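Colleague: Next come the chains, spelled out residue by residue.
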Amino acid sequence: MSTSSEPMQTQTETEELPSALPADLQDERLIASRGWRGAVSVFTSRLRSGDLGSLPVIIGLIVIWGVFQALNPDFLSARNLVNLTLQSAAIGTISIGIVLVLLLGEIDLSVGSVSGLAAAIMGVGWVQHGWPLGLAVLAGLLTGTVVGLFYGGLYTRFGVPSFVITLAGLLGFLGLQLYVLGAEGSLNLPFTSPLVKFASQAFLPAGVAYLVVLLVVLAYVASRMASRRRRAAAGLSTVPTGMLVARAVGLAVVLAVPVAVLNQDRGVSWMFILFVALVVVMDLALRRTSWGRSVMAVGGNVEAARRSGINVRGIYLSVFALCSTFAALGGILAAGRLAAVNQSSGGGDTNLNAIAAAVIGGTSLFGGRGSAYSALLGIIVIQSISSGLSLLNLDSSIRFMVTGAVLLLAVTIDSLSRRSRVAHGRA
Amino acid sequence: MTTTTSPEANGTVLSLSGVSKRFGAVQALKDIELDVRAGEVVALVGDNGAGKSTLVKTIAGVYGPDEGHMHFDGKAVNVTSPAEAQHLGIATVFQDLALCDNLDVVANLFLGRELKHGRALDEVEMERQSWQLLRQLSAKIPSVRIPVASLSGGQRQTVAIARSLLGEPKVVMLDEPTAALGVAQTAEVLNLVERLREHGLGVILISHNMADVMAVADRVAVLRLGRNNGVFQVSQTSSQDIIAAITGATSNPVSQRAARRTPQENPPQENS
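Chains A and B are the protein sequences, given in the same order. Mapping the first sequence onto my numbering, position 7 (from 1) lands on 7, and the numbers just tick up by one. To convert a position in the second sequence, counted from 1, into my numbering, add 1000.
These are calculated hints, taken from the structure and not from any lab test.
Chain A is faced by these chain B residues, among others (derived, beta-carbon under 8 Å): (1) Ala1083; (2) Ala1098; (3) Cys1100; (4) Asp1101; (5) Gly1112; (6) Glu1114; (7) Lys1116; (8) Ala1120; (9) Leu1121; (10) Val1124; (11) Trp1131; (12) Ser1143.
So these bits of chain B aren't anywhere near chain A, every CB distance computed over 12 Å: (13) Gly1018; (14) Phe1023; (15) Gly1064; (16) Gly1068; (17) Asp1073; (18) Ala1180; (19) Arg1195; (20) Ala1211; (21) Ser1235; (22) Gln1236; (23) Asn1252.
Please read all numbers here as calculations on a predicted model, not as lab measurements. Every residue gets a Cβ at the ideal spot worked out from N, C-alpha and C, and that includes glycine.
From just these sequences and the hints, can you work out the full model?
Modeller: See below:
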């Protein structure tokens, strides 16, 4: 411990008083990891042991953006980036639900069909039956919740693998969607309605967007400061002030730069804000609540979770229900953006893009490892590929092949890093 | 092993009398008597199939006994579920430990009973209490913020035992805590068992390892074919006597092997 830096030297002199060290740094075998150098060494050792987190996807995104920008200078233009955010929000929302089921080590293959069904019920109720918009949207969302509870019930009661349940759901709910839409199979949503405006034309005024960034950074600093005070009071180690400031500045830059770029065109869309807000809320729910802790525990070791008294059945039910509800919300947002509901709503590559986004974003297929942010990062990668290739006038044949290759790469990285984690004792 | 009329007088926390359990045609346990006092380590030994695990699971509430009585803290109790046993103050560390490898030590310790600060998890308080608990046990865990997967076998056992103590139990049952552990790690776990005794807990230690049993136990209860086959004070007995009770004969494979080896070991030593 005495070998690292000057402050540590003074610590060794007061070795007789263990209380001089924070309670969590007293073990003599703990490699000292304090201050800046410590933070860097912790980070590199984590990477070396295969705990990659979001790093591969961030590097991948930089490479993809670099390549497309080199091929077509319009790629990183404000206009194209605004389009990118609009294209990402709906499928990204579906992908949040996929992240949740993947954290349990399960899968939902039917999110596309469920999103289409929810959009169909919302559209038919609103346009054909004249329901108020709010009621129609609520009906669509509840459809998703009911479907999810049905899946969760089948899974927990009969133990049918989620793969098979949701594969059946993929077919069954596609059929139900076609049935609900009826013979014509296509509905146009009124252009002037709040839903369509929200999904395609509503942008934050530039000033408000910067204000949101400021508030987020302030909230981050306030929560960090509060946690620092409590840790110090409890006699635990604290983050140095310099590091805290650096993190806050980093966060401010990461948020303000995209906002500044988007503001050069139409700005930050409300739908994208909704998507990002949902990601942040789910991230907090996963990391900071006992529900989230239980989800991670069930994904890591079901038997251990059960013996700790966690309501495992309730966790499965809640996650399947949330996943299908997010799928329904994504379907409604997609319908709003298209201003139409038809037989191909939620069809095509919706399903696979939503699942691929979660995996590309870094959520493990093996359960218990991942973060809500992988939905955000993953969908931006997928939509960047799609947008870049269409700017180059390449059609969907190439897009499918490239997206498939990226997905394969992401899964391979996941498997390799898992193997490395096992070898380094971090599985 | 006489059932006392006032169990608290000699500090008995857990007392079984006449406990029997059948699985179909198999009589797994028959008229089992077992007393555990506060601040005492009772080793439960027996061959494979002697009924050790069945007895542990009966006490832990996994199985209900068919017959017999269980007294806990002087009161007759009827434990029908593991949660009830935990609530009473009987903690069990099963052999597979049941830890979540992907979660850190703090998360594992408080799994299923997280402390909250408002709506959110109170990570600070949980971390503080984790250190406090591990210090009490003099446990060697380098950091409580690393995934449990990166801990050694002994450290994982420590975490599992520490977790069982969070519910402030009076009796802790350890199912083969030293199986599959290295020499140093075994010693670490045995130290931990002694620490539990110092804190006034009754400990039931299931083990196949005679050396471990002789090292930490105060008394040894032997099970053979589902019945009591003697209770020994460790200070007044030898491991040969216990092995004889386990196998049911003074002439058993262990003693025969020992007798065979002793004369044969001498000649090579003279040669070298």
